[in-house]
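In order, the protein sequence lines correspond to chains A and B.
The first sequence begins at 1 in full-length UniProt numbering and counts up by one.
The second sequence begins at 1 in full-length UniProt numbering and counts up by one.
Treat the hints as calculated values from the structure; they're not laboratory data.
These numbers were taken from a predicted model, which means no experiment stands behind them.
Worth double-checking, as some hints may not be accurate.
Okay, derived cross-link-like pairs now, BS3-like style, lysine-lysine, Cα gap no bigger than 27 Å in a straight line [to be verified]:
#1 A:LYS148 - B:LYS93
#2 B:LYS73 - A:LYS67
#3 B:LYS81 - B:LYS52
What the simulated footprint calls covered on chain B by chain A, stretch by stretch (three residues with Cβ under 8 Å from a Cβ of chain A suffice, anywhere in the stretch; the number is not a length) [to be verified]:
#4 26-34
#5 85-99
Derived CB-CB ranges, DEER-like [unchecked claim]:
#6 A:LYS67 - B:ARG101: 46 to 54 Å
#7 A:SER25 - B:LEU98: 24 to 32 Å
#8 B:SER43 - A:ALA102: 31 to 39 Å
Cβ atoms here follow ideal geometry from the backbone N, Cα and C, with glycine treated the same way.
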Amino acid sequence: MAKVPRSFRLLSELEHGEKGIGDGSCSYGLKDGDDLAMYEWNGTILGPPHSSYENRIFSLSIYCGDKYPDLPPLVKFESKVNLPCVDQQNGLVDLSRIPSLANWKRDFTLETILVELRRDMASPVNRKNPQPLEGAEYPPADLQTLAKNRKV
Amino acid sequence: MSLPKRILKETERLLADSPPGITAAPKDDNLRHFDVTVAGPDSSPYQGGVFKLELFLPEEYPMNPPKVRFLTKVYHPNIDKLGRICLDILKDKWSPALQIRTVLLSIQALLGAPNPDDPLANDVAQHWKDDEKDAIAEAKRWTQQYAQ
Chain A
1 MAKVPRSFRL LSELEHGEKG IGDGSCSYGL KDGDDLAMYE WNGTILGPPH
51 SSYENRIFSL SIYCGDKYPD LPPLVKFESK VNLPCVDQQN GLVDLSRIPS
101 LANWKRDFTL ETILVELRRD MASPVNRKNP QPLEGAEYPP ADLQTLAKNR
151 KV
Chain B
1 MSLPKRILKE TERLLADSPP GITAAPKDDN LRHFDVTVAG PDSSPYQGGV
51 FKLELFLPEE YPMNPPKVRF LTKVYHPNID KLGRICLDIL KDKWSPALQI
101 RTVLLSIQAL LGAPNPDDPL ANDVAQHWKD DEKDAIAEAK RWTQQYAQ
């Protein structure tokens with residue numbers, strides 16, 4: 001199979017994201033429409049119904065490094081959320097704690113990550129987790145530096 | 001990973017005998033992914049500039065067109081901020097009879113013939129329609145700033 005390079009992979013993800021995904025429960029796009037390198041992305045997850053996350057919109061930042069999609073992106077919640085895979089100090093997501101994402105595959109996308117995070121919210125063990133005050137946010141972080149120093 | 005003969009042949013010819021003002025060479029780690037340069041056509045606002053692009057031949061090539069984008073910033077109504085190109089042969093007018101070479105020549109020709117009536121970068125196209133002289137001056141400035 002032809003190996004789609006990072007840039008064209010991200011361009012097609014961007015187009016897909018701009019059209020809107022499925023039922024609109026997740027969305028994502030480039031943080032800065034001028035960023036030729038397409039490093040920084042925004043994501044949102046609409047809290048699943050019948051859970052403690054219901055009726056909330058969770059904002060995320062996603063950093064796609066030079067090795068994406070061979071390596072997963074760095075994912076950080078901006079909105080505070082009580083979910084075991086999220087570091088409560090800084091909002092960073094530990095993808096290895098989500099079974100479906102623990103073994104990263106090249107064909108996983110930003111959409112895969114958002115959809116799986118939402119599924120994790122709705123899972124029987126997490127759906128009743130008490131949630132922080134709405135509107136609370138994690139402190140801002142320099143994802144580029146974090147991504148560079150990340151141990152993989 | 002073995003490449004279809006057609007791609008090998010096209011690559012060989014591009015390396016041995018590339019069209020004037022155009023270079024294209026496959027990357028070492030992915031022979032379907034090319035580093036490309038295109039010289040701005042004479043008597044266009046892009047004259048004197050050398051523009052970097054990347055090109056990728058998808059699995060379905062040549063039934064489907066190559067994917068191409070500019071890596072150098074360029075002020076042009078049919079090229080957007082992410083370097084995406086609005087060109088019919090990269091979309092519905094693609095034919096398997098076309099080649100990498102013809103695609104790159106068409107992109108070079110597009111630099112010489114901006115078409116603000118079929119825009120991808122709406123703000124740039126509007127500038128072109130409102131004040132073509134000023135838009136061309138801006139395109140020249142960008143060429144000098146980014147495409148050297």
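Going through the hints against the structure:
In summary, the hint linking LYS148 (chain A) to LYS93 (chain B) is not supported, as the alpha carbons are separated by about 42 Å, beyond the 27 Å threshold. For the given pair, LYS73 (chain B) sits about 23 Å from LYS67 (chain A) by alpha-carbon distance, which is consistent with the 27 Å threshold. Between LYS81 (chain B) and LYS52 (chain B), the direct Cα distance comes to roughly 14 Å. Compliance with the 27 Å bound is thereby established for this hinted pair. Counting residues of the stretch 26-34 of chain B whose beta-carbon sits less than 8 Å from any beta-carbon of chain A gives 3, enough to reach three: the coverage restraint holds.
Look at the stretch 85-99 of chain B against chain A: 0 of its residues bring a Cβ nearer than 8 Å to a Cβ of that chain, fewer than three, so the hint is violated. Between LYS67 (chain A) and ARG101 (chain B) the C-beta distance comes to about 31 Å, which lies outside the given range of 46 to 54 Å. A hinted range of 24 to 32 Å is violated for the C-beta pair SER25 (chain A) and LEU98 (chain B), which are about 41 Å apart. Separation of SER43 (chain B) from ALA102 (chain A) is about 58 Å and departs from the stated range, judged on CB atoms against 31 to 39 Å.
When each numbered hint is compared with the structure, violations occur for hints 1, 5, 6, 7 and 8.
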